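FYI, in mature numbering (1 follows the signal peptide of the UniProt record, and there is no 0) the residues of the sequence shown are -16 to -1, 1 to 138.
Source of the hints: derived by calculation from the structure; they are not laboratory data. Note that the coordinates shown come from a computational prediction; the quantities given were computed from them, not determined experimentally. Some hints here could point you the wrong way.
[Said to hold, decoys possible] List time: in silico DSSO-like cross-link candidates among lysine-lysine, alpha-carbon distance up to 27 angstroms:
1. Lys14 / Lys93
2. Lys55 / Lys45
3. Lys14 / Lys55
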Amino acid sequence: MLGPIVILILIDLATSKLDVVRTSELRSPKCVDCEGIQSQCTVYREGHFCANHADKGIIQKNHIYMSRTEKLLDCLPDDFNVTGPIMDYCCLWTPEIGCRQLAGHLYQKHSDWREACDICVKVCACEENRVVSAGVRLTSSIKWLLLVVVLALL
């Protein structure tokens, strides 16, 4: 009875090794030209977002002992560094450089990866998004207040 289970486990272990990608085969992260979106986003604070959870640990705050990644200086804020390959994409932003994007290994396989920077406008800390968010909260608060007043009158 255990024979088939052991065989299935061995097959699973053997085939799972086929999906492993060697780090040396990964494409280096590249800057995406985000000039087209800068007019849509006035950044009010610094931060970053990575679509892939594992990539979040690759983007780190600079420490004195870290050397900066020279190839990525155009899209990396001064306070950040890339410590390894990223798989998907990351958005980085500061008031000084605006909203920028790093394309990782898998993201670079898309035919339009060089023109897809507008995806970061949704996550960068844009003043324009903050105004919309505040308006939504205000509208919701007014609706709740009106509901309470109507219920109180009944």
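Cross-check of the supplied hints:
Between the alpha carbons of lysine 14 and lysine 93 the distance comes to roughly 12 angstroms, so the proposed pair stays at or under 27 angstroms and holds. The straight-line distance between the Cα atoms of lysine 55 and lysine 45 is roughly 17 angstroms, inside the 27 angstroms bound, and the hint therefore holds. For the given pair, lysine 14 sits about 8 angstroms from lysine 55 by alpha-carbon distance, which is consistent with the 27 angstroms threshold.
Checked against the numbered hints above, the structure violates none of them.
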